[in-house]
Amino acid sequence: GENVEQHPSTLSVQEGDSAVIKCTYSDSASNYFPWYKQELGKRPQLIIDIRSNVGEKKDQRIAVTLNKTAKHFSLHITETQPEDSAVYFCAASITGANNLFFGTGTRLTVIP
Amino acid sequence: KAGVTQTPRYLIKTRGQQVTLSCSPISGHRSVSWYQQTPGQGLQFLFEYFSETQRNKGNFPGRFSGRQFSNSRSEMNVSTLELGDSALYLCASSQQGGTEAFFGQGTRLTVV
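Heads up: the sequence lines are chains A and B, in that order. Under the numbering used here, the first residue of the first sequence is numbered 1, with each subsequent residue one higher. Under the numbering used here, the first residue of the second sequence is numbered 1, with each subsequent residue one higher.
Looking at chain B on its own, in the form it has when it is part of the complex (with noise of 0.2 Å):
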């Protein structure tokens, strides 16, 4: 069984650009998060999205927006980049009422 695939690996962008960010869940799993992994405040949940919808929204500007297809895959769009977004942009894909989150490698965003 697949794990969790993040697309791409790395990225390197300039403020004020934007950028997509893809998820690929485990077959089978509908519920999609995100989470921002920095140095200094470890995992920040993002979003959440189950069929297509969002579900649950973490604490973060509008910048941050994403979307689920139906095929359960899910993207994250960081608008008018700045220097504190570079991080780590992880992924976890759940079942419905699962109790394991499972871990995608995450795409290192660095913005210069």
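Bound-form chain A, shown alone (with noise of 0.2 Å):
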């Protein structure tokens, strides 16, 4: 099956500093990578994905990375700000989102 790394497991910035998060996938049949954002507490919530046939995706201060060849793809958060201290998971997956793979989460603090 689908196995997703996810690097690194904890990062810490200033606010206003970018942030980038990456993940690896195995099975080069994935062809939907979706980010979700998990506040303390509460439940996943769709941030911004990609699909296989687009390199790159934006949404204000949010931007998608996928390299199909190297099987990777990396999101990037600009300028920074506290409410996006979060726990961040990415994902892949051949069907779509009723069948999801995730990495093992990376930790972002934003530091005032």
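Source of the hints: derived by calculation from the structure; they are not laboratory data. There's no promise every hint is true.
[To be verified] List time: in silico EDC-like cross-link candidates among lysine to aspartate or glutamate, alpha-carbon distance up to 20 Å:
1) A:Lys42 to B:Glu52
2) B:Lys57 to A:Asp84
3) A:Lys37 to A:Glu15
4) A:Lys57 to A:Asp84
5) A:Lys71 to A:Asp27
6) B:Lys57 to A:Glu79
7) B:Lys57 to B:Glu75
8) A:Lys68 to A:Asp27
9) A:Lys68 to A:Glu5
10) A:Lys57 to B:Glu100
11) A:Lys37 to A:Glu5
12) A:Lys71 to A:Glu15
13) A:Lys58 to A:Asp84
14) A:Lys37 to B:Glu75
15) A:Lys37 to A:Asp59
16) A:Lys22 to A:Asp84
17) A:Lys58 to B:Glu100
18) A:Lys57 to A:Glu79
Fit the two chains together into the complex; they arrive one by one in their own frames, and the hints show the way.
This is how it looks when you write it as structure tokens:
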């Protein structure tokens, strides 16, 4: 089955700096790559996703890049704010949102 | 529109017992997926149900089972509980062909 690795496990940045989280996947058939944000005690929520026919996608301060050849994808958050502090999970899937294989998460702390 | 609802929110069970968790998806969503979340392993896919049929299955032992009813509500059952089954169990619903999985608040299971 699919195996997703995520790095780093923890990340601390100063407010206003950028944060980058990287993931690799093993199954070349995976074609859907979402990112979820989970605040303490809350449910995971989708923040951005990308399909394998696209190399980059942006949504305001958040961007995701995908390198199919190398089988890795990354989340970029610019101008970080304290409310960005949370655990971020990457995921990969062959079939879509119904069957996600997650990385082990990155705890992002934005220091005011 | 009501979100994904999971019941109960908390459970304490003894080793060897069995437990049933319930998930009511967003109205109109026919796919329900289950995940186990632990601090060390992150979110791991258990299985997915669509139209009352198990469509995808993760790498968990047969003690973990599920079912889906005609109204798309789903239940997950764990038999012969082990200490290692202590976790947050999340369900997520999505539309057929949808690109977002909507998560419930989860059921926190503690096995003592």
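Hint check results:
Distance hint between A:Lys42 and B:Glu52 is unfulfilled; the C-alpha atoms sit about 28 Å from each other, more than 20 Å. Distance hint between B:Lys57 and A:Asp84 is unfulfilled; the C-alpha atoms sit about 33 Å from each other, more than 20 Å. A hinted pair counts as satisfied when its Cα atoms are at most 20 Å apart, and A:Lys37 with A:Glu15 qualifies at roughly 18 Å. A threshold of 20 Å between alpha carbons decides the hint, and for A:Lys57 with A:Asp84 the separation of about 19 Å falls inside it, so the pair holds.
The straight-line distance between the Cα atoms of A:Lys71 and A:Asp27 is roughly 8 Å, inside the 20 Å bound, and the hint therefore holds. The suggested pairing of B:Lys57 with A:Glu79 is violated, with an alpha-carbon distance near 39 Å, which exceeds 20 Å. For the hint linking B:Lys57 to B:Glu75, the alpha-carbon distance of about 15 Å falls within 20 Å, and the restraint holds. For a cut-off of 20 Å, the pair hint linking A:Lys68 to A:Asp27 stands: about 10 Å separates their Cα positions.
Between A:Lys68 and A:Glu5 the CA atoms are separated by roughly 15 Å; this keeps the pair inside 20 Å, and the hint holds. Restraint check for A:Lys57 and B:Glu100: satisfied, since their Cα atoms lie roughly 16 Å apart, inside the 20 Å limit. Using a Cα cut-off of 20 Å, the hinted pair A:Lys37 and A:Glu5 holds, with the two alpha carbons roughly 17 Å apart. Restraint check: the Cα-Cα separation between A:Lys71 and A:Glu15 comes to about 30 Å, which exceeds 20 Å; the hinted pair is violated.
In summary, the hint linking A:Lys58 to A:Asp84 is supported, as the alpha carbons are separated by about 16 Å, within the 20 Å threshold. This hinted pair does not check out: A:Lys37 and B:Glu75 have alpha carbons roughly 25 Å apart, beyond 20 Å. Taking the CA atoms of A:Lys37 and A:Asp59, the gap is about 14 Å. The hint holds against a cut of 20 Å. This hinted pair checks out: A:Lys22 and A:Asp84 have alpha carbons roughly 17 Å apart, not beyond 20 Å.
Note on A:Lys58 and B:Glu100: the hinted pairing holds, with a Cα-Cα distance of about 17 Å set against a maximum of 20 Å. Only pairs whose Cα atoms come within 20 Å are accepted, and A:Lys57 paired with A:Glu79 is accepted, the gap being roughly 17 Å.
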